[in-house]
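Novice: So you can see what is in the structure, the chains are spelled out below.
2 protein chains.
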Amino acid sequence: MTELEQMGKFAKEASFLLATLGTNEKNQALRACAAALRESKTQILEANAADLSAAKENGIKGAFLDRLQLTEKRLEEMAAGLEQVASLPDPVGEVLSMQTLPNGLIIGKKTVPMGVIGIIFEARPNVTADAFGLCLKAGSAVILRGGKEALQSNMAVVDVFRHTLSALSLPADAVQLITDTSRESATQMMRLNGYLDVLIPRGGAGLIRSVVENSTVPVIQTGVGNCHIYVDESADFEKAIPIILNAKTQRPGVCNACESLLVHEKIADAFLPAIGHALQEKKVEIRGDETTVSLIDGAIAATEEDWATEYDDYIISTRVVKDLDEAIQHIRRYTTGHSEAIITENYTNAQRFLNEVDAAAVYVNASTRFTDGGQFGFGAEIGISTQKLHARGPMGLKELTTTKYIIYGNGQIRE
Amino acid sequence: MTELEQMGKFAKEASFLLATLGTNEKNQALRACAAALRESKTQILEANAADLSAAKENGIKGAFLDRLQLTEKRLEEMAAGLEQVASLPDPVGEVLSMQTLPNGLIIGKKTVPMGVIGIIFEARPNVTADAFGLCLKAGSAVILRGGKEALQSNMAVVDVFRHTLSALSLPADAVQLITDTSRESATQMMRLNGYLDVLIPRGGAGLIRSVVENSTVPVIQTGVGNCHIYVDESADFEKAIPIILNAKTQRPGVCNACESLLVHEKIADAFLPAIGHALQEKKVEIRGDETTVSLIDGAIAATEEDWATEYDDYIISTRVVKDLDEAIQHIRRYTTGHSEAIITENYTNAQRFLNEVDAAAVYVNASTRFTDGGQFGFGAEIGISTQKLHARGPMGLKELTTTKYIIYGNGQIRE
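Line by line, the protein sequences are chains A and B. When the count follows our numbering, it moves up by one through the first sequence with no breaks and lands on 415 for the last residue. When the count follows our numbering, it moves up by one through the second sequence with no breaks and lands on 415 for the last residue.
Treat the hints with care, since some could be wrong.
One copy or any two copies: either way a pair holds, since identical chains are not told apart in the list.
No more than 30 Å apart at the CA atoms, straight line, and that leaves these computed lysine-lysine pairs for BS3-like [as the list claims (entries may be wrong)]:
1. Lys-109 / Lys-398
2. Lys-61 / Lys-73
3. Lys-322 / Lys-12
4. Lys-110 / Lys-398
5. Lys-110 / Lys-9
6. Lys-239 / Lys-109
What the hints contain is simulated information worked out from the structure, not anything from laboratory work.
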């Protein structure tokens, strides 16, 4: 038995007990873990400082270093996040339906914990607390594998949780961290069938692709978003411009930001210079088709690659289309199935867009930035699914559960 | 672009149109396909005869040959099956929830077609019609890959459907058959990401393992069932014996048949001789632990392997356990997560079994043979999921859909 299989076995054992915990016990544990995080501030920040200085020595800088860093404020947010999860409704044990068959069998469908959840993530140590909190509340054990740059921080945080759980006579193996950060350990984790019930990657496109390609454990694919906004002929510019600016610039580095703008040809002359100016004021680079380049000063020519690119940056691709059909065709070709929006005052076009565009979230006259568990009212989010199995769109606590059929009989046999 | 990618592209195109079809159009198509099956009886049976004689030449016989064979009766069942699917409620377009956020955004969660579904199966040509019917009703295109032994039969059936769809001005590519039955084509199908939204294997444990190990497309694992019945101390023998006989012998070759019997030690002396006699009358071989062998004449010693084996045959493994805890431990170790049952008159033990045993279906005082889409009232079934993502237990039309969020805005942007 490999070390990872051993971890899987421990997690499975823990999951059996977690599945039987009541809501109050889980909430107490979450609040105790939040308190312990605050009490262990010094150790955790020290561990994080060690990660940071090692990262700097290795030449890491910029946004990556920022994501790696923990501060008192971020630690407090992690603790508050656990308390927030404690305050959410328990997703386990809801009987979704119950019916009596003609033969008297009573069949109910009930939400139950997933069992053992694997989370594979990159530099952000706060994922450790977020993922643990959601999995515990959903009654599942979690096996975490973070990036090697955050190892000391993750170990410190997980240690705090494990000690807290033990002190409450709960299984410490509700949360385990894979400390071997080699590529081999990641591959082993992706093939931990029989122990892991689901594997959720959280990170960039490269990580997600690697998990999808190598995993034999069921995966929930998250987070890649080449989101489009289509401005229809009848669009109200006073809605369109703020929505596009918001979707592109309110936080460009996230998956629900807008990456590509499609404009109906009949309004191109009027709309493109206006939106071009507004975007450029926000320092957004515009890469457009021929018409766009002719109508927006400073726009540069887009290549085929641009249409398929999630910039996560102050860049937007822009194309003029003949009509709604051509807009839908373009989106079908380049969508990653995350969030797509139409700006229109035309009822039929709005309904057609909602029906015919295939994505986790489709919008009329609103910013794509709303695709988010918090915004959707889930209270917390483990990620945004861009696949169609199990969960699609923001995933909250409910999406971390599965169901079982419970059948009450009285001696029934099948004819 | 490979031939399979081309098929994927055609299927995707077809799926966009299928997603917009109304219920009546889909039902008319299903009924027309049923009628066409009946009209094409001669061609289909001829094609099947060719498959059968080739199979016989290759030395295939017994149950395999029986599964491969189409008769007038089976063809009529296939046609009636399509009509039955036409009569079921449309799973597409149900708005599961809709709420207005404080900012005025209206967010609805709606069932939508999966898109393109892949089905990989073995010798039974009737799967071609079953799978096509369910996928069409669920608004999805299907790519089928059957076993090489059934190729002529499958081609004949798919031809009938494609011609019928074309005659109705519907896309023939709603159903496509992979006629290259090499191992390579199966592997290619399992890696058709971007075209296939889900892959469902229907067949034996070997096929399912191969799909789980090699597929990068999301998979729904189906059908492996090492099902247990635990007879508790307080069991009513008058319920226990008929239930066990039914679960073991009513149809031993299926996944919801009982494979393993656990008996509380306090009733072993009284119960084992009685059930042993009853099973042996039905020609069931008993492979037991030491106590079982000492109490049932003719029982033979079980090996470790027996506890993990899905016999699909007139064989049952039998073990005496100390109590409910030991029964649950045993089941946790050997379960395939399909169907598990307890026979008891004890309320607390019944509830504990329902809560603590982790399987798609858990029963009190009823036969495991009820785990079936038809029995559960789904009207039809594409398979029985033994995994925890997306669907668990019998999968009907609903389980062939996914959801999307539809968001009605009025200019909202994120703060």
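Novice: None of the hints should be skipped; say for each whether it holds.
Specialist: Here is how each hint holds up against the structure:
1. Taking the shortest alpha-carbon separations for Lys-109 and Lys-398, both the intra-copy value of 14 Å and the inter-copy value of 14 Å come in at or below 30 Å.
2. Within a single copy, Lys-61 and Lys-73 get their C-alpha atoms as close as 21 Å, which meets the 30 Å cut-off; across copies the closest is 71 Å, which misses it.
3. Proximity of Lys-322 and Lys-12 under a CA criterion of 30 Å is satisfied inter-copy only: 23 Å between copies versus 56 Å inside one chain copy.
4. For a Cα distance limit of 30 Å, the shortest separation of Lys-110 from Lys-398 qualifies both inside one copy, at 12 Å, and across copies, at 16 Å.
5. Proximity of Lys-110 and Lys-9 under a CA criterion of 30 Å is satisfied intra-copy only: 25 Å inside one chain copy versus 38 Å between copies.
6. In this assembly of identical chains, the alpha carbons of Lys-239 and Lys-109 lie at most 30 Å apart only when taken from different copies (24 Å versus 44 Å within one copy).
Hint violations for this structure: none, all hints satisfied.
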